[in-house]
Each structure stands twice: as structure tokens, then as C-alpha cells.
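J.: Residues per chain, in single letters:
Protein chains: 2
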Amino acid sequence: MAQPKTLPAAENAHSYPLLIKQLLLSGPRYNPDQEIIYANRSRYTYTDLVERIHRLAHVLTDAGVKPGDTVAVLDWDTPRYLECFFAIPMIGAVLHTVNVRLSPEQILYTMNHAEDDLVLIHDDFLPLVEEVSDQLETVKGHIQLTDNDAPKKTQLHSHGEYEALLAKAKPCFEFPDFDENAIATTFYTTGTTGNPKGVFFTHRQLVLHTLVATGTLSHFDEQPLLRSSDVYMPITPMFHVHAWGVPYAATMMGVKQVYPGRYEPELLVELLKTHNVTFSHCVPTIMQMLMGTEGIKTADLSNWHVLIGGSALPKGLCDAATKMGISMYTGYGMSETGPLLTATHLKPADLELPPEQQTEKRIKTGVPVPMAEVEIHDEDGNPLPKDGVAQGEVVARAPWLTASYLKNPEKGEELWAGGWLHTGDVASIEPDNTLVIKDRIKDVIKTGGEWLSSLDLENLISQHPAVAAAAVVGLPDDKWGERPHALVVLNPGESADAEAIKSHLQGFVDNGTINKWAIPQGVDFVEDIPKTSVGKVNKKLIRDQLSNG
Amino acid sequence: MAQPKTLPAAENAHSYPLLIKQLLLSGPRYNPDQEIIYANRSRYTYTDLVERIHRLAHVLTDAGVKPGDTVAVLDWDTPRYLECFFAIPMIGAVLHTVNVRLSPEQILYTMNHAEDDLVLIHDDFLPLVEEVSDQLETVKGHIQLTDNDAPKKTQLHSHGEYEALLAKAKPCFEFPDFDENAIATTFYTTGTTGNPKGVFFTHRQLVLHTLVATGTLSHFDEQPLLRSSDVYMPITPMFHVHAWGVPYAATMMGVKQVYPGRYEPELLVELLKTHNVTFSHCVPTIMQMLMGTEGIKTADLSNWHVLIGGSALPKGLCDAATKMGISMYTGYGMSETGPLLTATHLKPADLELPPEQQTEKRIKTGVPVPMAEVEIHDEDGNPLPKDGVAQGEVVARAPWLTASYLKNPEKGEELWAGGWLHTGDVASIEPDNTLVIKDRIKDVIKTGGEWLSSLDLENLISQHPAVAAAAVVGLPDDKWGERPHALVVLNPGESADAEAIKSHLQGFVDNGTINKWAIPQGVDFVEDIPKTSVGKVNKKLIRDQLSNG
Numbered sequence: 001m002a003q004p005k006t007l008p009a010a011e012n013a014h015s016y017p018l019l020i021k022q023l024l025l026s027g028p029r030y031n032p033d034q035e036i037i038y039a040n041r042s043r044y045t046y047t048d049l050v051e052r053i054h055r056l057a058h059v060l061t062d063a064g065v066k067p068g069d070t071v072a073v074l075d076w077d078t079p080r081y082l083e084c085f086f087a088i089p090m091i092g093a094v095l096h097t098v099n100v101r102l103s104p105e106q107i108l109y110t111m112n113h114a115e116d117d118l119v120l121i122h123d124d125f126l127p128l129v130e131e132v133s134d135q136l137e138t139v140k141g142h143i144q145l146t147d148n149d150a151p152k153k154t155q156l157h158s159h160g161e162y163e164a165l166l167a168k169a170k171p172c173f174e175f176p177d178f179d180e181n182a183i184a185t186t187f188y189t190t191g192t193t194g195n196p197k198g199v200f201f202t203h204r205q206l207v208l209h210t211l212v213a214t215g216t217l218s219h220f221d222e223q224p225l226l227r228s229s230d231v232y233m234p235i236t237p238m239f240h241v242h243a244w245g246v247p248y249a250a251t252m253m254g255v256k257q258v259y260p261g262r263y264e265p266e267l268l269v270e271l272l273k274t275h276n277v278t279f280s281h282c283v284p285t286i287m288q289m290l291m292g293t294e295g296i297k298t299a300d301l302s303n304w305h306v307l308i309g310g311s312a313l314p315k316g317l318c319d320a321a322t323k324m325g326i327s328m329y330t331g332y333g334m335s336e337t338g339p340l341l342t343a344t345h346l347k348p349a350d351l352e353l354p355p356e357q358q359t360e361k362r363i364k365t366g367v368p369v370p371m372a373e374v375e376i377h378d379e380d381g382n383p384l385p386k387d388g389v390a391q392g393e394v395v396a397r398a399p400w401l402t403a404s405y406l407k408n409p410e411k412g413e414e415l416w417a418g419g420w421l422h423t424g425d426v427a428s429i430e431p432d433n434t435l436v437i438k439d440r441i442k443d444v445i446k447t448g449g450e451w452l453s454s455l456d457l458e459n460l461i462s463q464h465p466a467v468a469a470a471a472v473v474g475l476p477d478d479k480w481g482e483r484p485h486a487l488v489v490l491n492p493g494e495s496a497d498a499e500a501i502k503s504h505l506q507g508f509v510d511n512g513t514i515n516k517w518a519i520p521q522g523v524d525f526v527e528d529i530p531k532t533s534v535g536k537v538n539k540k541l542i543r544d545q546l547s548n549g
Numbered sequence: 001m002a003q004p005k006t007l008p009a010a011e012n013a014h015s016y017p018l019l020i021k022q023l024l025l026s027g028p029r030y031n032p033d034q035e036i037i038y039a040n041r042s043r044y045t046y047t048d049l050v051e052r053i054h055r056l057a058h059v060l061t062d063a064g065v066k067p068g069d070t071v072a073v074l075d076w077d078t079p080r081y082l083e084c085f086f087a088i089p090m091i092g093a094v095l096h097t098v099n100v101r102l103s104p105e106q107i108l109y110t111m112n113h114a115e116d117d118l119v120l121i122h123d124d125f126l127p128l129v130e131e132v133s134d135q136l137e138t139v140k141g142h143i144q145l146t147d148n149d150a151p152k153k154t155q156l157h158s159h160g161e162y163e164a165l166l167a168k169a170k171p172c173f174e175f176p177d178f179d180e181n182a183i184a185t186t187f188y189t190t191g192t193t194g195n196p197k198g199v200f201f202t203h204r205q206l207v208l209h210t211l212v213a214t215g216t217l218s219h220f221d222e223q224p225l226l227r228s229s230d231v232y233m234p235i236t237p238m239f240h241v242h243a244w245g246v247p248y249a250a251t252m253m254g255v256k257q258v259y260p261g262r263y264e265p266e267l268l269v270e271l272l273k274t275h276n277v278t279f280s281h282c283v284p285t286i287m288q289m290l291m292g293t294e295g296i297k298t299a300d301l302s303n304w305h306v307l308i309g310g311s312a313l314p315k316g317l318c319d320a321a322t323k324m325g326i327s328m329y330t331g332y333g334m335s336e337t338g339p340l341l342t343a344t345h346l347k348p349a350d351l352e353l354p355p356e357q358q359t360e361k362r363i364k365t366g367v368p369v370p371m372a373e374v375e376i377h378d379e380d381g382n383p384l385p386k387d388g389v390a391q392g393e394v395v396a397r398a399p400w401l402t403a404s405y406l407k408n409p410e411k412g413e414e415l416w417a418g419g420w421l422h423t424g425d426v427a428s429i430e431p432d433n434t435l436v437i438k439d440r441i442k443d444v445i446k447t448g449g450e451w452l453s454s455l456d457l458e459n460l461i462s463q464h465p466a467v468a469a470a471a472v473v474g475l476p477d478d479k480w481g482e483r484p485h486a487l488v489v490l491n492p493g494e495s496a497d498a499e500a501i502k503s504h505l506q507g508f509v510d511n512g513t514i515n516k517w518a519i520p521q522g523v524d525f526v527e528d529i530p531k532t533s534v535g536k537v538n539k540k541l542i543r544d545q546l547s548n549g
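One line per chain: the protein sequences are A and B, in this order.
First residue of the first sequence? That's 1 in my numbering, and the numbers climb one at a time after it.
First residue of the second sequence? That's 1 in my numbering, and the numbers climb one at a time after it.
Isolated chain A, as found in the complex (with noise of 0.2 Å):
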């Protein structure tokens, strides 16, 4: 069969790797004097960050670190996690971003599993590994990170304080040029059950998702959000997914940022009025928090922008940051997806309709951003027509996602079945190619040949002035293949039986939002709704109770 035609190696030879080191480029020559802000503490500049990172790089290798080694971290969100961004993967090593908000029991496990030798810790995170540490096995070394004047005694092999070693490091280091498909980071993402499993990406996957993140994310018709003139403070957490991957989009187009170290809500509104934020990206408890603070009330909030992901953006919390003067975005992605697939599209007719006509916009995930691939499959990978109906799972492929688990290919299998990231997620996409998420697909309720979203009917039932909370899961039934349970906590005070709800929904039913099956075999009222650890439904364990109950 004919080929297209390529190069012959030798004519080929100018072509080069896409290599994490070419996005320090140009936001040090676009503005060699902006500002990168470390909360009330510190700030320096871009020409001071590339010497840093030069310097880095000397500490590390100093320190052992060879290329195909890995480096965690274990830090706070700082202008010295942004240089590990860059130097740790600039070296040839990996940088494993170490969730800190696992148990000292599962961050032994990732740093086992991803074979870390070197680990930079801060003071505050040191009793999570002292505990562990007899029972790390790759660990050779620590380089300790502090916020005062000196790091904390540890009987961890310390080589020493970050700033110390920074100092006394030669400032220009020969960055190598190597495969663009050699690993840059690494990070686990925790389900609810099993052990956390590894994602990874490579220096050409990260230089693909900057790329496409920077043209996205000035691509707003509002107002570009990486320029200049921009300013931008990150309120998710480096350790994950980069933080989006915002940060390595910022440090290429030369935007000021400002990291908060940690996450105080009084700080980062004091943080956001100080140096006039422009940009932020968060998840909507935090954002919650945040509107909750005293500071806030005397904020000239009207530049700034915020993109949220994580979870659905409830329409409530977008009202009333749109009322305070916030603009507001979502996005979609996850661990697995490096992560942007889509993220909100405003056309200029949209920014003429009135703010709650916006809102329905804006809470909705958005359209996928360029480059990606994003459609709904059934159960059999069949794609799902785009009329904002049909439901089925979301499956992506875009060039940056993680190719599979770090040392866990059946996993990996699982995930990529049929050649597309399979999401867990259930969807439907509307004819202007907006995708609205509905439920995760382990909490989908599969009745009557159709599929219902737990989180819509929840929203149905919470609709009842009674109602303070609600939490519905699919049971197996012999003829519907699956009904409906609700579980209902009502508002101190109140009172309702199971029909009460029953006929609050059959009004649903009669007006056509939902249809007959939808309404729950059973209600039962509860103190409270079981959650995760992390503070999710753990809609597992409500399953497990009321099939064995």
C-alpha cells in the first residue's frame, strides 16, 4: 500500500525533541523583570527563576540525582515547587508530586512504587515520612525546604537546606537534549479501593498540553487570561496534576504569579487583594470557602477570573460569585488526562445575554479544547449521537494523555480499551458540542434500558424545601435491571415521609424533566450521608449496605 512520504533520516536530523526546557524560553525573554510572588514572604524575578533552576539543576546532580531517577516533593505550593516543575524533568530525572493529603501509609506506598531516590521535603510534612521512613527501599537522600530561618532537626539523610544549597551552586548548568518521550513527571490518584495508582507524562506530553492550555486560555472572548498584564495565583494544589498544568502555560507566555504556599482562605484572599489576581483555578469547596472569608466582602473582585474543575460547578455558587463580580469558567479532565479536555466557550452573543441566562453556560464543562477528541460511547464503544439526550461514557484521546499506570499495564489495558481513555465518567454533549456531565459510570442507575444520573435525581429530590441533603444509588431488580434509592437527611427541624418525596418527583415526571422510572423504589431517612475520605458520597459503601441490609 502506498505511503505517505517522510524523511530520510539524514534530512531529518534538524528536526528536534519537544523537551520542557524550551517552555522556559520565552516568558523570561518576553518580561526578564516580572514578578514571581512566594505569598507574604518572598518574590524574584524570571531572570532570577531561570538562574535558580540553573542552580537546581547542579544541586540535584550534586546530590546523585542521574537522568532516569526520580524526585519527589513534597511541598507546599511555592515558587520552589515551580522550579522543580522545570529542573527536576530538565535533568533527565522524573518528579513525583506527592499527594500530601494521603496517609503516611499510602505516600509509602507511592514513593515504594515509583522508586524515588531523592526527596525534597518541607519542615511541615516531615513527621508523615519520619514514620515511614525505616520502610522506604529506593530513598537515598533529602534536600529539606523551609520557611524559617532553619529547616527542622530529622534524622532523615539530609544533604542539606534548599535555599543554603541553591546558594553555594555554580548558576549555569548544560542542559542536555534527550527523547521527548522520556518521562518528566509522575503522581498517584487514589479510587476507592485499591492501592493509588501512578500516572505519568512525558516532556513532549506536557509541551503539547502548555501549547494547547496557552492558546485555550487566551482564546476566551472575554478576556485572555495569560497575558502580560495577567496575574496568576494557582488554588489547586501542585502536587496535582500539576496544578493543572497552569503553571508551566504561565512561566511561557511571562504572566506574573503569585503561589500561596498553603491554602488559608483568609491568605488567599488577602493574596487575591494585594496583588490584584487575575487568574486563578480551583474546585468549587474551596471556592466556597473563599466566599465565605471577611476579606472577601471588601474585594474588588471584577478581574478576576476563575476556572473551575474537579467537580460540578452547582449553579448557586456560580450566581453568587458572578454577583460578587467574579467571571467565572469550568473545565473538564482528570488525573488521567494531563488533564484539560474541554473547558468553556463564551461566543460574544453569549456575553450580551443576562447573568443567570450565562450561568447556564457556565457551569456546564464546556467544549473540547483543540486537539482533543472527546465523545460519549454505550456500553458496546458505539459513539453517542451529540443531541444533548443520549447519555454513554466519556472516552478521549488527545496527545497528552497518560499512555497508561506507571508499572500496572493491565490497568492501563483496562483504561484504553478500544483505543480511547475511557473516563468513568457518563455524559451527554449538546448540539453545540458542549459536554454536561451527569454521574460517574460506577453510579449510574441503569433502569428500564435507560440510564439515569444519580446526581440529577439527587438535585430533584434536594429541590424539596425539607430536604437538606440527598444521595441516590442504583439497586438490582430482577425486572428493571436496576431501580432507584434514595437516601434523604432532612433540615433540622422538618419532617416528610417517603410519599412526600415521591409525589415532590412525580411532579418532575408530569412536567417531563424526568421519566417514570426515575422515581426511587425506596426512601430512607438518614442522620447523615457516608462519605470518603476525601469528603466525596462514598455512594460504594451505601450500595453495599442496602443489598446486605
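Accuracy of the hints is not assured; some may be wrong.
[Stated by the list, open to error] Now the stretches of chain B that chain A is said to cover, found in silico as 3 or more residues with beta-carbon under 8 Å: (1) 29 to 40; (2) 177 to 187; (3) 205 to 214; (4) 223 to 229; (5) 366 to 373.
[As the list claims (entries may be wrong)] Here chain B is said to cover these stretches of chain A; the calculated rule only asks that three of the stretch's residues, wherever they fall, bring their Cβ under 8 Å from a Cβ of chain B: (6) 233 to 241; (7) 369 to 375; (8) 499 to 510.
If you are wondering where the hints come from, they were derived from the structure by calculation, not from laboratory data.
Yeah, the Cβ is synthetic: ideal placement off N, Cα and C, and Gly gets one too.
On the provided structure of chain A, position chain B as indicated by the hints.
T.: Frame of chain A, contents of chain B only:
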């Protein structure tokens, strides 16, 4: 030696190649009803564009085009050409964008050299090809393009007319995946000597150029240039470096596009006005022509942003355009570089400056774009400082530069001597990373151990009130290496002698603008300055005549 960690091949199965078809995903998703307009002839939507590209793929394969074949296009700037930008590479064939301004002999040379298999040809260019058709060695057939009801009669072997063939073709084509290093496009660049040389770009390179161009064009602090609300019209031809790659970027972002057909100044201005064009790219001579039209006097140009390239933007032209409300930017690149290497980068503080001071920044060729390395090197290949003083040859590395010349590896090795692409331009780089082009390296005058820009000297001579035009070349000199020699054209009715010109220049020596070696050894008064066929000063001819004279 230790190596960075790469993926086992099995785990890497899901990384996927960068292909031009991916650039077509997002535009139609963002704005399916967005329009693509052909002058005052026709318009259709992005949804139509996708269908037409699929139909064109069937037309091409029905005409016998196989992966690896080359398809030539001779057309004005039309939506048809945009369809060819996608469909031809997307089936694995190579798009040869034929320079229709070349002579029939040169066109013949390029079509034989590129080994064109199929030719898409507009009525207006039939005579060019018919004249040499018996010498075309590889062409097997033609598809005719017309702007009338029926195409012109021709004795060339014709498969039929483009629109008629599209109408009959199936609307859905299965575009294959293949190696991202497959050649997607080729075109020829002409020098003052020798045959045209073919540059070529792969799918990977065009995707990367598009991603970087999108980020760059969206990054302008004044106004991003590729938003949903923008309207793009190219004013540099699509056969030349893919109209600087902007049609790919505009399509990826779903921007409204206006294709003007041929470049008639009054028509261009009419289209600007009718469609409220917000972004164009242009060379200075065409810009000058547009500003001289009747139509432009009644145009509101306050939303028009123009990126100037191809040759230096004269200060006077930039000032005049700014006074008309136009936002002027400059970029730098060449056929070999795909083309984007640098672009104007104005910071918020720059935008506060009065217009005349902004002009100083806008006429310089800007700062290197993300992912591009741009340096100036001395004759031994050593990098020179970015001090605004040192002058050297501009050399570049970036992931989208031509790897060589087509079937001309010797010239390719020259181009890439020492691992850097040699532009043949001389420049300085200012401390803020702005590139300032001084001259072509073959025209620069090496005198007294210093490099003297012939362009700078011509500008100074032109400031003498009696002088209409000047050309300066270097002639060999035993003591100084070279000494400048000037040809001067006087204004009608004016007179001046060599001493007058020299004493005019002495003023610039006295105020430190130039040093004394810059004063020409000889000054000749002539009626006309010799030009090349494309209107550039023919310095090679001048040097030859003076050396032999």
C-alpha cells in the same frame, strides 16, 4: 551513561501522531455556523468546510492520488485553497503551493522538481502551464478551478471542474493516521542566483507552528487576534509559506475568515469594510498601496490589526497607518522558518506610550515566539551578546523549521551548518530581547573589522534633501577589507555632488551615529537603481558592474 526513563513501546501505544486533521477538530466545534467568505462571491459555514474537505478527499483519491503523491495548486487566495490546505495532507499526499508569480520556466522547473502528480489549476493560470505542459514530466491530470459558470476550455488532461466534482463526491472520508513526520507541504523559494529551492514541512511541524502561532497571536496585550469575535483576511498569498500559517491557526480557533481572491487594492479595502476585518498580515508595499486607495478614506480602521513581515516596516508607513487608527505589529521569519520566529511584544507600559514612541517598538521585528531559539552568531559561529550593538547573522532552532531543501541535501547542510538554521540576515538583539534586522548578510559591508549595514547607510543618505533613492554596496579594499560605495538617484531638478553627500554623512559621524569608515569611498549618480525581477535592489549586479567597471 544514565539515560532518562522512556516508556516501553507497549505502554506507549496510545501516544498519537500530530496530524493536520487534528487542527480541524476544534474550529467547527467552537463555531459550527461561523462563516468562511470568498470575496463578494460566496460564503459557507465551518460545518460546510468540514464536509467539503471530506468531499475533496474523495475527489482526489478518485483522480488517482495516493499517499506519498504530490498535488500542486495554482489558485488565488480562496476558500478552495483553504480546503486544499487540509484535504491534500490529510490523505497523506504532499501539497505543493505553486508560486504563480514565477515565470513559466520557473514554474515548470518547480513542478518537475516536486514531481507533481495532479494539478489543481485556476482558469487564470492555464496559459502559464499550457505553454510548458509538454515538458511536465510527472503530471498525470488536472482539476480545473473557475470563478465563472464553466471553466475555460483546455487541452490539458482535465478530470473536471472542482465544484462539480465536489458536488458528486461522497460527503464522508475516513482519514487515516500515519507518521507525523510525513511531508505535508512543499513550496519553492527563489534567490538571486540558481534554481528555486524547495522547502518542506511535516504534519508535526505544521501542527506545532499552528499551536505556537495561536498562543502568540492571542497573547498581544492590546487585543488577542484570534477570538470568536475576530475576522481574519490574509493579504500575503497562500502559496507563500501557507499565508504565514495563519489559515491553520484561524481554522483551529473557529475564527471568521475572508478570502479575497486576487489582491486588487480597492477590492481588499471594500472587503475590510464590508466584513469588519480585525486581523490581516501584509508586506509593506501592499500596505502602502492599500493606504493609497480611495476606499480607505471612508473606512473605520480602528479595529484592524495588521502584522507586517517580508521586509522592514518603514517608520513613516507605520506612523501613517497608526494615524488612520490601524494597530500595526511586525513579525520576522522566512520561507525556511515556516515562517514565525519573532513578533512584536508590547507590554502594558508600552501601550501607555504616545503613538510615536510606540512606533519605535512596533517597527522592530519583535521578540522570539515561544519554543523558538533565536541568536546572532559571528562568522565563527560564536553567539554574540544581546546588547543592541553587536551584529551577527540571525540563526534559529525551533521544532517547525524546514529540515533541508527538497532533493538538495548539500544546500540543506549549508542552511543548517553547526546545527543552527542560518537565515542570511544580519541583526542586533536589544537587551529586552527585541531583534533588529540590519541587512542581508551578503549585502553587509565588512570594513575596518566592523559590520556596516548597507540599509542603515542608505537610510542616512536618503535623508539628504536632493536624494530620491540610494543603494550602497561593499567593494573590496586591500587595507579595510571592504569599503562602502553608493549609487544615488537625485530628485528631479535637484543637484548634488559626491562631496555634498559625504559631508551630509560627516554630520552623522560627528554625532556618533556612524563611524568614519561608513563614509563611502565613491558616490556615483545614476538614473535608476538596478532591481531584481521581484523588485528588490539587485546588489549582486551592482557589485559585479562596479568591480568590473
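J.: Work down the list of hints and note, for each, if the structure agrees.
T.: A quick look at each hint next to the structure:
1. 29 to 40: With 4 residues in contact (Cβ-Cβ under 8 Å with chain A), the coverage given for the segment 29 to 40 of chain B holds.
2. 177 to 187: Held - the segment 177 to 187 of chain B has 5 residues with a Cβ nearer than 8 Å to chain A, which meets the minimum of three.
3. 205 to 214: Held - the segment 205 to 214 of chain B has 6 residues with a Cβ nearer than 8 Å to chain A, which meets the minimum of three.
4. 223 to 229: Coverage by chain A holds for the segment 223 to 229 of chain B (5 residues, Cβ < 8 Å).
5. 366 to 373: holds (count 7)
6. 233 to 241: That given contact is violated, which follows from only 0 residues of the segment 233 to 241 of chain A lying within Cβ reach (below 8 Å) of chain B.
7. 369 to 375: Contact hint for the segment 369 to 375 of chain A vs chain B: holds, 5 residues under 8 Å.
8. 499 to 510: violated (count 0)
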